[in-house]
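From first to last, the protein sequence lines are chains X and U. If you read the first sequence in the numbering used here, its first letter stands for residue 1, the second for the next number, and so on. If you read the second sequence in the numbering used here, its first letter stands for residue 1, the second for the next number, and so on.
Hints listed in this document are in silico derivations from the structure and should not be mistaken for laboratory results. Values in this document were obtained by computation on a predicted structure and should not be read as measured data. Heads up, a few of these hints could be off.
So the derived list for chain X, only partly shown, Cβ under 8 angstroms to chain U, looks like this [said to hold, decoys possible]:
#1 I117
#2 T174
#3 P178
#4 K196
#5 P310
#6 E349
#7 V499
#8 L501
Even glycine gets a Cβ: it sits at the ideal position worked out from N, Cα and C.
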Amino acid sequence: MRAADALCEALKAEGVKHVFGIPGGANLPTYDALYDADIEHIQTRHEQGAGHAAEGYAKASGKVGVAFATSGPGATNLVTAIADAVMDSVPTVFITGQVRTDLIGTDGFQEADVTGITLPIVKHSFMVDDPRQIPEYVHEAFYIASTGRPGPVLLDIPQDLSRADIEYEPSTGTPDLPGYKPSLEGNIKQIRIAAKALANSKRPVIYGGGGIVNANAAEEFRTLCRTDRFPVTLTVMGLGAFPAPDDQWLGMLGMHGTRSANYAMDEADLIVAVGARFDDRITGKLSEFAPRAKFIHIDVDPAEISKNVPAHIPIVGDAKDVLPKLTSEYEALQPDGSRLEEWWKRIAEWQREHPLGYEDSTDSEIKPQRMIEAMYKITEGGAVITSDVGQHQMWCAQYYDFPEPRRWINSGGLGTMGFGLPAAIGAKVARPDDTVVCLAGDGSLVMVCQEFATAAAHKIPVKVFLMNNGHFGMVRQWQELFWDGRYSSVVMGDSPDWVKLAEAFGWTGMRCTDKGEIEDSMKTALETDGPVLVDVHVTQEENCYPMIPAGAAARDMVG
Amino acid sequence: MEAGTPDLIKLEDLQVESGLTGRKHVLSLQVENRPGVLARIAGLFSRRGFNIDTLTVGPTEDPDISRLTMTVDGALHPIDQVTKQLHKLVNVIKIRDMEPDQTIAREMAMFKVTASVESRAEIMQFAEIFRADVIDVSRRTLTVEITGDTGKIDAFERMIRPHGVVEMARTGVVAIGRSRPDA
Numbered sequence: 001m002r003a004a005d006a007l008c009e010a011l012k013a014e015g016v017k018h019v020f021g022i023p024g025g026a027n028l029p030t031y032d033a034l035y036d037a038d039i040e041h042i043q044t045r046h047e048q049g050a051g052h053a054a055e056g057y058a059k060a061s062g063k064v065g066v067a068f069a070t071s072g073p074g075a076t077n078l079v080t081a082i083a084d085a086v087m088d089s090v091p092t093v094f095i096t097g098q099v100r101t102d103l104i105g106t107d108g109f110q111e112a113d114v115t116g117i118t119l120p121i122v123k124h125s126f127m128v129d130d131p132r133q134i135p136e137y138v139h140e141a142f143y144i145a146s147t148g149r150p151g152p153v154l155l156d157i158p159q160d161l162s163r164a165d166i167e168y169e170p171s172t173g174t175p176d177l178p179g180y181k182p183s184l185e186g187n188i189k190q191i192r193i194a195a196k197a198l199a200n201s202k203r204p205v206i207y208g209g210g211g212i213v214n215a216n217a218a219e220e221f222r223t224l225c226r227t228d229r230f231p232v233t234l235t236v237m238g239l240g241a242f243p244a245p246d247d248q249w250l251g252m253l254g255m256h257g258t259r260s261a262n263y264a265m266d267e268a269d270l271i272v273a274v275g276a277r278f279d280d281r282i283t284g285k286l287s288e289f290a291p292r293a294k295f296i297h298i299d300v301d302p303a304e305i306s307k308n309v310p311a312h313i314p315i316v317g318d319a320k321d322v323l324p325k326l327t328s329e330y331e332a333l334q335p336d337g338s339r340l341e342e343w344w345k346r347i348a349e350w351q352r353e354h355p356l357g358y359e360d361s362t363d364s365e366i367k368p369q370r371m372i373e374a375m376y377k378i379t380e381g382g383a384v385i386t387s388d389v390g391q392h393q394m395w396c397a398q399y400y401d402f403p404e405p406r407r408w409i410n411s412g413g414l415g416t417m418g419f420g421l422p423a424a425i426g427a428k429v430a431r432p433d434d435t436v437v438c439l440a441g442d443g444s445l446v447m448v449c450q451e452f453a454t455a456a457a458h459k460i461p462v463k464v465f466l467m468n469n470g471h472f473g474m475v476r477q478w479q480e481l482f483w484d485g486r487y488s489s490v491v492m493g494d495s496p497d498w499v500k501l502a503e504a505f506g507w508t509g510m511r512c513t514d515k516g517e518i519e520d521s522m523k524t525a526l527e528t529d530g531p532v533l534v535d536v537h538v539t540q541e542e543n544c545y546p547m548i549p550a551g552a553a554a555r556d557m558v559g
Numbered sequence: 001m002e003a004g005t006p007d008l009i010k011l012e013d014l015q016v017e018s019g020l021t022g023r024k025h026v027l028s029l030q031v032e033n034r035p036g037v038l039a040r041i042a043g044l045f046s047r048r049g050f051n052i053d054t055l056t057v058g059p060t061e062d063p064d065i066s067r068l069t070m071t072v073d074g075a076l077h078p079i080d081q082v083t084k085q086l087h088k089l090v091n092v093i094k095i096r097d098m099e100p101d102q103t104i105a106r107e108m109a110m111f112k113v114t115a116s117v118e119s120r121a122e123i124m125q126f127a128e129i130f131r132a133d134v135i136d137v138s139r140r141t142l143t144v145e146i147t148g149d150t151g152k153i154d155a156f157e158r159m160i161r162p163h164g165v166v167e168m169a170r171t172g173v174v175a176i177g178r179s180r181p182d183a
């Protein structure tokens with residue numbers, strides 16, 4: 001069998017039904033094989049789009065997302081998506097064509113050392129030098145991408161090797177990788193110590209992150225949170241792991257989190273971190289972060305534990321394994337739940353004094369926060385929302401209450417503008433029966449607007465709600481607050497005409513400039529067949545608050 | 001049971017250790033003998049901001065496995081974090097943070113020293129004391145080969161440096177665990 005056909009067989013053996021990508025010279029054999037293979041290929045219009053679509057697919061479904069690109073520029077165009085996937089631990093496999101083996105190292109046409117370029121941003125990579133390796137490498141790639149802490153794996157295949165004739169034998173079972181043995185089971189002694197500390201804590205906070213979503217452990221997480229009335233906060237990656245609204249829910253924490261969540265972290269005596277990594281957007285000034293707290297840190301990646309914040313009780317393991325054990329160990333101690341009453345009084349004060357809020361306009365102007373509230377109302381909290389990066393992303397994290405995981409798909413770690421539209425395309429392919437809405441920013445969307453063509457050509461009915469403020473809004477906010485209002489290169493202006501642009505790509509384009517019409521516009525968009533863009537003009541110079549200024553502590557929140 | 005009973009853990013008793021040990025660590029890694037493994041390790045050190053003091057790579061008794069020995073300063077970097085990051089590399093099979101008193105560590109060095117007629121005898125005397133060998137000679141220089149632990153080579157260097165070191169080459173440390181006497 002031709003190695004390229006073996007590649008497709010191996011992908012099918014891993015359960016792959018969809019691949020995103022773009023053909024080119026070096027991966028022609030793969031695309032020739034794909035022609036008859038029972039795999040649906042979604043041809044994006046840029047490899048970055050293919051990469052983010054694969055991520056959106058993975059985040060929405062929990063399955064491994066796959067993207068193809070050719071050598072050289074095709075492969076380098078994937079780099080942003082690969083970096084995004086490693087930062088947000090997205091299970092993905094990227095398969096690139098490489099120039100013929102006799103050309104490698106000669107600066108051949110469309111040659112780039114993509115394995116070298118991506119070394120720091122992959123979970124692992126394989127450079128094929130013998131075509132017989134392909135089926136086994138595919139099997140190993142999927143295993144590595146999807147187990148332990150998930151992440152991107154790259155497979156680079158020289159063109160001549162994918163044309164070679166090999167014997168195809170499916171690879172099954174757990175691959176033999178002597179250097180890769182994720183520890184999934186938590187140490188029970190550590191879990192017992194954690195339970196005993198938690199039972200003695202009077203001001204605990206449970207702080208969860210994207211690891212809960214990756215581990216499919218939201219149920220287990222909720223059960224732990226409810227064993228007593230523990231206050232719960234989540235990172236931007238974890239939203240949905242605990243249902244919002246809820247009377248134990250403090251809101252998101254971190255730079256644009258709620259005051260209640262950040263103040264609770266600040267005064268906590270014990271913080272239980274689950275699948276979260278104490279990113280600088282969470283901690284603010286590290287030396288003043290949660291100064292009164294001891295830390296229980298549960299993570300499947302041992303290197304995350306004590307990386308930024310030293311853990312008093314480290315527990316390495318999969319949240320799905322550790323959380324139920326911690327719950328039962330805790331319950332066995334029969335702690336007195338009333339010890340938390342004082343703590344809740346304190347938290348309730350903050351919640352009363354500092355609710356999330358904004359001043360609505362007195363005229364027809366649409367405040368951005370109002371737009372998110374309208375989205376929530378129209379989708380009834382039941383849509384899959386993807387987002388770009390910036391103010392709109394933070395407002396959505398604040399004002400849209402996510403009832404369950406895998407409904408909020410955004411670029412948290414790398415902060416990739418332009419993530420939203422291709423991710424929405426991937427999410428819709430993965431979950432065709434769900435409403436998929438991309439909440440876009442105008443600065444972000446224009447970076448990937450070629451992907452309108454992908455949705456149109458493949459009839460992928462995503463809805464884009466564009467929060468159009470004519471600026472790189474978050475950068476403008478920083479220039480206003482921290483750079484003396486010297487607005488350097490942040491104005492987007494009124495170009496493009498988004499309705500015409502959408503229509504040019506075969507989408508339905510709509511515009512909304514009146515507060516009174518926003519819900520109707522969104523409703524119409526959801527009821528209209530095919531992909532639809534709603535260009536919502538919002539207040540141009542609104543700031544996203546509250547905010548911990550960069551390098552400041554939770555106590556110094558502004559706005 | 002009530003909260004605060006002795007069986008529970010008192011939060012104030014929970015302590016963390018500083019990640020810094022304040023001494024040099026010899027890390028002995030078994031890695032898969034494949035192209036690119038060294039680049040992965042070197043890249044990890046540079047992107048995480050860890051410094052490598054010395055690094056040696058060589059074969060082991062198993063042709064599929066190479067041994068990589070490195071020294072890292074535990075006063076600058078939490079060794080625990082270094083080893084955990086190294087463990088994330090799929091091609092790294094095993095890491096040992098070698099305990100100094102359980103380890104035999106050696107490096108080899110060659111010194112090309114200016115040797116005048118007057119100083120030649122003294123240099124050769126030092127070489128003898130340090131059990132080093134003279135391996136090359138010219139009218140103006142002597143080249144000395146020495147093996148030993150890092151401290152011994154440092155000491156030798158201090159002794160001969162006043163004579164004028166023209167060139168020096170050191171291998172970096174290789175190490176192996178001590179066997180128990182009864183093993």
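Hints and how they fare:
1. I117: violated (11 angstroms)
2. T174: With Cβ-Cβ at 14 angstroms, over 8 angstroms, it is violated.
3. P178: holds (5 angstroms)
4. K196: holds (4 angstroms)
5. P310: holds (4 angstroms)
6. E349: Where the cut-off is 8 angstroms and the nearest Cβ of chain U is about 23 angstroms from E349 of chain X, the hint is violated.
7. V499: violated (44 angstroms)
8. L501: For L501 of chain X, the interface hint is violated, since the closest Cβ of chain U sits about 39 angstroms away, which is over 8 angstroms.
Hint check: violations occur at hints 1, 2, 6, 7, 8; the rest are consistent with the structure.
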